[in-house]
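This is what each chain is made of:
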Amino acid sequence: MLYIHCPYCGELREEEEFHPKGQAHIARPLDPDACSDEEWGDYLFFRDNPRGIHHELWVHAVGCRKFFNVTRHTVTYEILETYRMGEQPTITAEHPEGRPSRDAADQASLREGVRA
Amino acid sequence: MQRYSGFGLVKHALSHHENWQRQWRNPTPKKAYDVIIVGGGGHGLGTAYYLAKEFGVKNVAVIEKGWLGGGNTARNTTIVRSNYLWDEAAALYEHSMKLWEGLSQDLNYNVMFSQRGVLNLGHTLQDMRDIQRRVNANRLNGIDGEVLDAKGVQELVPIMDCSKNARYPVLGASWQPRAGVARHDAVAWGFARAADAHGVDILQQTEVTGFKIRDGQVYGVHTNRGDIEAKTVGCVAAGNSGVLAGMAGIKLPLESHPLQALVSEPLKPVLDTVVMSNHVHGYISQSDKGDLVIGAGIDGYNGYGQRGSYPTVEHTLQAIVEMFPIFSRVRMNRQWGGIVDTCPDACPILSKTKVKGLYFNCGWGTGGFKATPGSAHVFAASLAKGEMHPIAAPFSIDRFNTGALIDEHGAAGVAH
Amino acid sequence: MSQLNRLARGGRIDRSRKLSFTFNGQRYQGHAGDTLASALLANGVDIVNRSFKYSRPRGIVAAGAEEPNAVVQLGKTEAAQVPNVRATQQALYEGLEARSTNGWPNVQRDLMSLIGKLGGQFMPPGFYYKTFMAPASMWMTYEKYIRKSAGLGRSPMEKDPDLYDHLHQHCDVLVIGAGPAGLAAALAAGRSGARVILADEQEEMGGSLLDSRERLDDKPADAWVAETLEALAAMDNVTLLPRTTANGYHDHHFVTLHERRTEHLADTAPVKDGRRQARSRMHRVRAGRVVLATGAHERPLVYGNNDVPGNLLAGAVSTYIRRYGVVPGRKLVLSTSNDHAYRAALDWVEAGREVVAIADARANPDGELVEQARALGIRILPGSAVIEAKGESRVNAARVAKIDPDGFRVAGSAETLACDTIASSGGYSPVIHLASHTGGRPTWNDDILGFVPTLVKGVSAAGGAQGVYATGRVLADGVAAGARAAEEVGFAAAEVRLPQVAERRDGAAVALYQVPHEKPTLRAPKQFVDLQNDVTAAGIELATREGFESIEHVKRYTAMGFGTDQGKLGNINGMAIAARCLGRPIPEVGTTVFRPNYTPVTFGAIVGRHCRDLFDPERYTAMHQWHVEHGAEFEDVGQWKRPWYFPRKVDGKTETMHEAVARECRAVREAVGILDASTLGKIDIQGPDAREFLGRVYTNKWAKLAPGRVRYGLMCKDDGMVFDDGTTSCLGENHFLMTTTTGGAATVLEWLELWHQTEWPELEVYFNSVTDHWATMTITGPEARKLLAEVTDMDLDRESFKFMDWREGVVAGVPARVFRISFTGELAFEINVQANYALHVWETLFAHGEKYGLTPYGTETMHVLRAEKGFIIAGQDTDGSVTPEDLGMHWCVGYDKPFSWIGQRALSRPDTKRSDRKQLVGLRPKDPKVVLEEGAQIVFDPQHAIPMPMVGHVTSSYYSPTLDSGFALAVVKGGQQKMGESVYLPMADGQVHEAEIVSPIFVDPKGERQNV
Amino acid sequence: MSNVATFDTRTEAKIPVESPLAYSYRRSGAPAPTAKSRVVLRERPFLGHLVLRGGAIVLDEAVREVLGVTLPGEPQGLVHDADGRRSIQWISPDEWLVIVPGGEEFELENRLREALGGAHFAISNVGGGQTLLELEGEAARELLMKSVVYDVHPSHFPVGKGVTTVFAKTTVILRRPSEERWELVVRRSFADYTYRWLLDAGDEYGIGVER
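Chains as they are written, first to last, in the UniProt record's numbering: chain A, 1 to 116; chain B, 1 to 416; chain C, 1 to 1012; chain D, 1 to 211.
Heads up, a few of these hints could be off.
Where chain B lies over chain A, by a calculated footprint (3+ residues, C-beta under 8 Å) [to be verified]:
no. : stretch
1   : 10–22
2   : 34–42
3   : 49–58
4   : 70–82
With a cut-off of at most 27 Å between alpha-carbon atoms, the simulated DSSO-like pairs for lysine-lysine come out as follows [said to hold, decoys possible]:
no. : chain 1 : residue 1 : chain 2 : residue 2
5   : C       : K76       : B       : K289
6   : B       : K98       : C       : K272
7   : B       : K164      : C       : K159
8   : C       : K159      : B       : K98
9   : C       : K117      : B       : K268
10  : B       : K11       : C       : K519
11  : B       : K289      : C       : K159
12  : B       : K151      : C       : K159
13  : B       : K251      : A       : K21
14  : B       : K268      : C       : K144
15  : C       : K653      : B       : K151
16  : B       : K151      : C       : K641
17  : C       : K148      : B       : K268
18  : C       : K913      : B       : K352
19  : C       : K717      : A       : K21
20  : C       : K272      : D       : K161
Just so you know, the hints here were simulated from the structure itself, not pulled from any lab data. Each residue gets a CB set at the ideal place from its N, CA and C atoms; glycine is no exception.
Based on the provided sequences and hints, a complete structural model is requested.
Listed below in structure tokens is the structure:
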């Protein structure tokens, strides 16, 4: 059973207080009507399913009710970091030890998303 | 192939069992095959078997990165039923059911398919509406089933608490008498042995590391034992499908989740049917060894760890004890987890892909075991002909873009 | 009967307290401090069970969790039955009643054993896969007989009289196992100030020190145990949990500890101080660090007939003698591969009984214990092993021979030694189960001839659990592990003094698993590997011959390790045998991954208090008491208990639901009814962007809804499918009150938060649930206004308080918000008051309502009335595959809204655009007396052969008292273009109903009645 | 201001009121505390409960001015006023729970709204929808350990802390206002379940209910 650090509550809390909500950083297309059916289908249904480092959206449902992001290894279940909405991960499949520095540019350009 | 029979068993006993043959060979990979099946679980081995036996494609390899039948085939709760709501799913599962009914004889391997009947309980008025809808649809699709009231359920399962005092009293159930359970390992082994006898090469401990693709056409796979060529490749890799698809540059609408199950210690038989409840959320049957085989829920997060979270097990046992208060003093022996690849509409994918010659059969979620022979059969037909079998056709990947989903969990209601 | 094997002295039992118990109906005596197993051995009970497949007689083999045979049924009464209790782990108590789980007519003379003897050779592993196939129709009959031999114990057939509970524990350091390593670790961690839990599965803490021959600080080992336990008990930060088994190690150091609180006292929990106590308690522990001090299990040797009663583990022999004062036989032959097992022989001699010989597989045994044995004049046969036991219901001899373990053959002629007990030891396997629960694959260590755990961050192993066996080193290992664990979570290590232990000189052990026999394995007497599942070395050999080459395959084909002991005794031997057969080293054949539970746990303990009345919350409204008092039948809606209908007693007879609902319906259409609608979800929405937000999540328009007005709204997911609906009222320019379906309340609130937090954080809006704050009662019917006017001075005039308006005022003396919305099609007022006042308002309405015929109605009547009006119920008339267009609710879709609202884009996909989608329509049965079945499937051509093309189904169907006819809502392919056409509903009883497709609005199509 | 409808749901009139536990007392009874009771349960009904939403910086000054206490800006903070009858608790980074003596909440809401002016915030009155239960006694902590997943050890849960967490199969806002007292804020519709759970789990400690 996972023990999850809620970045808003600032402490580790039991998994039972949380709900997983699928892959993180799925942004709703800004202009849905400009999307092809394929693009719309991709947005609705197609998700990364890595065996390894994965970025997930969770909500602290029985707690502060905030959504946040979890970087977790899908085989060991180790949680590598949790971070707030609007932030980007420092640990990724490309940088499993952490990125050298947070890139200001991608901080600015980020958009958060949900899953339908 | 040595034929198995009671007589043969006696004969072998007299020679102290020294003359049993291998059930399948351990061949060296050939350079090329007509068809490669990636994934040596029940579906994959079955596909190879039907290719060789029914569709005349005998130059087939099954590539398995671990041991055959070592994935979800070996980790499920063995329930077989075909009472699905939507026409497309019902056709697929009923096709499978008919194959189950002769499978032991067909394979000359007793898969112990035991048609002890499955009850799907209803605990709310909406449950009962859904049950009626499903059973009516089953009947018009030629699938057996009836709707029982609480009294009918009690008669079938005297040890269940069907009283009105329960938190969610049993209001009734759907009952499919032809449904039941089978011995999961035997399905994989039986298919493996029969496929091998038809000349199929089962390559265990062989891992696909990439696909050979040229001009949008697949022509083989890279493996840890070298390249193997084939112009038709069918991937039947359950929880690992997404990873495989990624190697071919294909995205699948799949998430791999832990699905847990557990067994009690062996008990003298007390439960002869399979009982499933969506509402209080647990399902249970008793094996021929006496274990209560209990299915727990899917954990909400992605996971390849073959384990899930403990509260899922707790909730399941709460449901079981709610339905069967007498089991409170029975003990849980062991729990485990499988990796189920789930689709957004709770239906599988049997589909061509944008890579010519490369097919996927995946996304079975919790429904994979019961579909094994049917899935294998229609997938084999599709691979052999290069055209999706009519029963498989609605399960194309395209449905996620057109919107033509087959929403099997849609039937579960929201309350008013 | 006298306790013929009980020694006059020694052991940790309380000889002053005699306990009587029965086994298979026979009365025996034991002592406080005995286990059921030690008491049975003391009384000379050889056969405790019959084996599963071959029905062979079986006796006690071990003294702990690894025992495969002594699995018994416990309990005096039916309700108190406990199946499959391991006698080695069951403390004896006065009046204990136990029975064997197999054997017919009894365990001594079992008729099934004839079948086992004669048929055993026809039952190689997997035999059932190879037979029972012809004729196909006979399988169910064959299976019926196979099932007759299934199972060990039996389930009780009555409800459990006991209760169980959970305790959520959190600690810095969890130490599992209170042997020397665990005690030392707990001491070190405890001294550092960390919060420590020390759990141990046995009746007493101390582990191997309780039967050790060694001295600590020149005192008996158990003296140090007592001292240490006293010191630990004195620390506030240390929790000691004896009789507590760590069953499951889950992710992130979540461990379940199962504490048996009363199982040593009785078969049901005794009442204590007049209060019921929990039979057992599950500690759900979240630990910062975990120290596994779980010790090691001894491996038996695998030789011919090694299952005959009288074959024991060497360590178990020592434990029974030293801890329980029981010597389980008279003449012993010991067969060993190592020094440590010599303890059994030394203890046996000290107990005053005869050691016939020690067969030692090593050519030159020379350790200290060997010397001691020699000094006692015990005959030692080097390079030898017991190759076969003789005897039926008890060992009567051992065949011993020189062996060549490398060549796997018998190297000389066998000698038959008369004896009644054979103790064996093939070495020790660290208890690695817990470490592998979270996926850690153990690794083979050639030095200790065993698997050692692979540990994830935060877990350490100490002592026997990682193959460290010498007591002095075990203690040091424990202290280091405890101190390190505490340090890692921020506690500075404190000084811990370790007792002096003389280091014993042990000779090197050899690897020996299966002992060779003169005959090849397939022809030799049965050599058991897994006693509980009757798995033999021959079975494993056969499996490998048949192509089962991975240990997982071997296990599954032979059933090795699938018993209730989960292969604690046999798995390593089995792996070694498979490896030998395959000609590969053990680590290459692999180990199996152990899964929880370490030892079986009752469902009750896992369920805890979450059963019976507390299985799931029942949610009540503020008027629930009234509903109960007025005889309501309830419907479960989510967790809510909602009144379903209110049957009246008429002339001593209670109305049927049909009668009650008809009456309730008529009351609403003709007079006035009242519904408790408090369960609807209510969300308070405030902020300057509230209106914009509504426009994005609802399908329809919200830009112009004025304060004081209410609007119905439909919500879709982004796939275009309807998922909830309800009315939303504009309370102020920046203030709205949204209602949701009862079941959708939490989902919708989370849905709004999801979009706000993840996609549109720039919108200034807040959502708060006020579902519980307000109680809602709907009065509806032609007399509703008159009734309301009696209890309020609000202006209820139809012009100033229009349909779809809301107003605030005082109702029955209580501040209220009143909404003129209608789900029945009649004049209706939905009164919202603070829930604490609700019962008063409700009762006041009844005080005034009698003259108007005020009638309470429940969800069933609500459903009939709304269906007559064609109003949908999300989740009943929709199923996640229905679009607003499918529902014919174009009027509720704002295609030209500036923002592409949730669900809009999906509606233009090829499949959602089809004109032949299933669409909501009304159905009027040709025969008005027919009420169609909800869920009935619809066809156009009733003559079509099966499979019949189905074109839709009935979603809602009722008898309408207003129409005096059955009527239904349904979805039908292209139905909206088929008004007036007939459809057919073929039913299970063979009847085919015909119905006409009509508008879903059956009553008052112009909507005049609600506007009066 | 006027863009939001405020509404005093309470009346000064003598109207019978029913606390969320009223039904439970009738259904399950209320064992009186005895000398052997190691834990005592007490409902504090009819208090004023307001949910306050907004940014900490926005709210802090208004709260100090109107309520006379500093807004607890750190997670899990719980602050009481001088006489201990009014409290404000951190619920989430933009949400606080204010509990005041019954009858004060409407005036408090109005004064806060006035103080906050045109800032972006929200105040919702939830007093009818929740009630406050107190647990006191030496076994109170162990009873909580049976019920909540959160660590209630004093080293982890000091006085002045409050959390929202899982209570059996429902949720609770758990607070520690003083050394010996625990407070549970529970939703009205779950109150009976919570009550029955506490009586059942507390039986071992001879739980008594003070009324």
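Practice task
Tell me, in ascending order, the numbers of any earlier hints that this structure violates.
Solution key: Hints 6, 8 and 20 contradicted; others consistent.
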